[in-house]
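2 protein chains.
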Amino acid sequence: MRFTCPQSQLIANLAFVSRAVAVRPTHPILANIRFEADGDRQEVELVAYDLSLAIRVRLAADVAESGVVTLPAKLLSDIVGKLPAADVTVAVEKDTCTATLTCGAGRYQVYGLGAEDFPPLPQLNDSSQRVYLPVEALREGLNASLFAAATDETKRILTGVHVTGSATALEFAATDGHRLSVAEVVLLEDGAAAAPFALTVTIPARALRELERMLAQQTEQVLAVMFDQVHIIFQSAQQTLISRLLDGSYPNYRQLLPTQFERQLSLERRSLMASLERIAVLADQRNHIVKLSISQSQQEVALAVEAPEVAMGRELLPAQVSGSDLHIAFNIRYLLDGLKSMNAHEVQLCANQANQPVVVQPVSEQKTTYLIMPVQIRD
Amino acid sequence: MRFTCPQSQLIANLAFVSRAVAVRPTHPILANIRFEADGDRQEVELVAYDLSLAIRVRLAADVAESGVVTLPAKLLSDIVGKLPAADVTVAVEKDTCTATLTCGAGRYQVYGLGAEDFPPLPQLNDSSQRVYLPVEALREGLNASLFAAATDETKRILTGVHVTGSATALEFAATDGHRLSVAEVVLLEDGAAAAPFALTVTIPARALRELERMLAQQTEQVLAVMFDQVHIIFQSAQQTLISRLLDGSYPNYRQLLPTQFERQLSLERRSLMASLERIAVLADQRNHIVKLSISQSQQEVALAVEAPEVAMGRELLPAQVSGSDLHIAFNIRYLLDGLKSMNAHEVQLCANQANQPVVVQPVSEQKTTYLIMPVQIRD
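From first to last, the protein sequence lines are chains A and B. FYI, in my numbering the residues of the first sequence are 1 to 379. FYI, in my numbering the residues of the second sequence are 1 to 379.
These are calculated hints, taken from the structure and not from any lab test. We put the beta carbon where it would ideally sit given N, CA and C, even for glycine. Careful, some of the hints might be misleading.
Said to hold, decoys possible - Result set (SDA-like, lysine to any residue): computed pairs, CA atoms no more than 25 Å apart in a straight line:
(1) A:Lys155 to A:Ala22
(2) A:Lys74 to B:Met273
(3) A:Lys74 to B:Pro308
What the hints assert, rightly or not - Label-pair ranges, simulated between beta-carbon atoms:
(4) B:Pro308 to A:Gly114: 19 to 29 Å
(5) A:Thr26 to B:Gly248: 48 to 58 Å
(6) A:Gln229 to B:Pro308: 41 to 51 Å
(7) B:Ser266 to A:Gln42: 42 to 52 Å
(8) A:Ala15 to B:Arg378: 34 to 44 Å
(9) A:Thr26 to B:Arg286: 22 to 32 Å
(10) A:Pro25 to B:Arg286: 18 to 28 Å
(11) B:Glu268 to A:Leu51: 40 to 50 Å
(12) A:Ala15 to B:Ser8: 33 to 43 Å
(13) A:Ala15 to B:Glu268: 28 to 38 Å
(14) B:Ser66 to A:Ala15: 52 to 62 Å
(15) B:Gly248 to A:Thr100: 27 to 37 Å
Said to hold, decoys possible - The following residues of chain A were derived to be distant from chain B, with all beta-carbon distances above 10 Å:
(16) Arg24
(17) Thr26
(18) Arg58
(19) Val68
(20) Gln109
(21) Val135
(22) Arg139
(23) Lys155
(24) Leu187
(25) Gly248
(26) Ser249
(27) Glu268
(28) Gln320
(29) His345
Full structure from sequences and hints, please.
Shown next, in the form of structure tokens:
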């Protein structure tokens, strides 16, 4: 096997697939990336697969000799990352799996492993569906939901984002038990997704974070998405991401959303975020709790944090308040997470009592509902 | 006490003095910064002092009420850092030492301590000298020496930089036992330093790293430097840095420098650095050792790193070589440190045998001598 390509191309693609290399590999080959050079197509395929997430890219290269091998991801990336911005030649000796990289006056040897033991990528079953989804819709849905998924691995199904879809819209939902974000994104009627389909999957947040990266560098407008009951595949012309789905039934989150509210509060999203960011310095010293005092007569909301014996802080914000006064407390990080994921100029807070869930919504086209449980405090 | 000043001014000065706040304070007040507002001068003085290093700044402010207090450095910096870019008012209640910061619609209270217990800054004795040194000369000397000082606290005197000076030149020397950097900087004859003085001090590297920061933001050309046998003071119009000196006699490093060399090698500094940086990826996997093979017949030097069973790398560089061939090995980091501190286009490596010290020097006006001990390797 022997190919030549620009250093910048090689390092960018190594960095991209490396995200699917096992962090603590159970077998040495899982720390490697599979390289397959194809002389006919003048292309090199790079694959990383940690048995849960797989990433594959195709890279145009000058392939002098076809072949396949696996090479250590970290070491190779470290070396290629330092090479000068010039053409790199990778030549692999078949018997020893030793790769020699040449670039300028530098010559590096890296020891690989045969590709026979590299795990095969998962295949979809016969019941699989294929749809084409707009990149922008996926971006929007992930941005509004991914942050709310549980990071605690013991929460299993909650560590994923639940995605449901038909021909006209996708819904993304994520919750960690303390807050829930539900985002609906409309698929254009005349777009590529017009064919009907039925999507109900829970995708691991980790895979979706990689999908976010893949979407960020996408020049195409639409991705092909294939799925069955066990796996989902996102595919562009050069890049493929394959993830195992989370098993089990996702909670019926719709029933958690209150339908009526006694109090409403509208205010500028950026001002609220800036005040929260400031006062978070104190809240984070203790228990991350911020108290909101909502005053109808003053048409304002006061944010307060007390860190006894250390410091206290207070921020005042004008707001449009309807309904009677309310004192309510939140985990300041949860509140900030939700506000950051929105892009509206104004947001609306809808509340009932101090011990009942609150809903934050952007005052815009964006169809996002962010539910957050207040923290119980003694007055 | 009550003063008002722009947030940007306050945070910049807090950040600067905070470097002298004790990391693990033995007394609560050492975690604080001393504030003294002077209504007559319309100035606030900030002081931090960890009993070894002190930093003092003067900050122009609108002082409505004079007074003095100490406030927690970290908390105050965290809060002020988040305030909007507007005027901040700091009002301190004398009895409780409680400071109230107001900025826009935000109001923060921070609990301080009385200034009575704050340690007084060291005073110089009657034998002290005062000189004026060019900022550029100090910068140059520190850049060429500071990196070579020992970081291991048990090496005591070697954790400092030895500075000697007269009216015409300063010499900076630092060594950690494995390498030695000696830099001479010329003081202009017609400059402010023309008055004769005799400087022989070893200044802790930690204080000099702060001096480097102070020099980097200096708009003045010259700093006042006062010293006796125990302390040294660097002073500009607004900023003062006071450091305790290291006690004990500094090794006679001049006698370590070889006076004759059997072999010389000249090469481009940047090319050598780039090749070393690349190959360092492999060297750092193991023992940081790089082997140099210097060939007179080829007029080149080969850099090689072997990490058995992992990888190997080799870089070739053209060089002007005089004297017979030599195989010699170094800690790659030590070699890189020295090259980075120089600014010449070309450097010269002067060597005798593979087990004798090597001297690296810039081929330029810069008077720096970098001595490095080779590593013994079996061939």
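Can the restraint linking lysine 155 of chain A and alanine 22 of chain A be considered satisfied, given a maximum Cα separation of 25 Å?
-> holds (21 Å)
19 to 29 Å as the expected CB spacing between glycine 114 of chain A and proline 308 of chain B, which holds or is violated | Holds, at about 20 Å.
Consistency of beta-carbon spacing, arginine 378 of chain B to alanine 15 of chain A, with hint 34 to 44 Å = The hint (34 to 44 Å, Cβ to Cβ) holds, given that alanine 15 of chain A and arginine 378 of chain B are roughly 38 Å apart.
Using the beta carbons of threonine 26 of chain A and glycine 248 of chain B, state whether their distance is inside 48 to 58 Å or not.
-> For glycine 248 of chain B against threonine 26 of chain A, whose Cβ atoms are near 54 Å apart, the range 48 to 58 Å holds.
Would you assess whether glutamine 109 of chain A, listed as outside the interface, keeps its beta-carbon beyond 10 Å of every beta-carbon in chain B?
-> Given a closest Cβ separation of 5 Å, the condition is violated.
Just double-check threonine 26 of chain A for me: nearest Cβ-Cβ distance to chain B has to come out over 10 Å.
-> holds (20 Å)
Going by Cβ atoms, does glycine 248 of chain A stay more than 10 Å from chain B at every point?
-> At roughly 41 Å from the nearest Cβ of chain B, glycine 248 of chain A sits farther out than 10 Å, so the non-interface label holds.
May I ask you to check that glutamine 320 of chain A keeps its beta-carbon over 10 Å from the closest beta-carbon of chain B?
-> The claim stands: glutamine 320 of chain A keeps its Cβ more than 10 Å from every Cβ of chain B (closest is about 17 Å).
Does the Cβ pair proline 25 of chain A, arginine 286 of chain B satisfy 18 to 28 Å?
-> Given a distance of about 21 Å, which is inside 18 to 28 Å, the answer is holds.
Against chain B, does glutamate 268 of chain A hold up as non-interface, every C-beta pair farther apart than 10 Å?
-> holds (12 Å)
With d taken as the least Cβ-Cβ distance between lysine 155 of chain A and chain B, does d exceed 10 Å?
-> Label holds. Min Cβ-Cβ 31 Å, cutoff 10 Å.
Are the Cα positions of lysine 74 of chain A and proline 308 of chain B separated by 25 Å at most?
-> holds (17 Å)
When each numbered hint is compared with the structure, violations occur for hints 15, 20.
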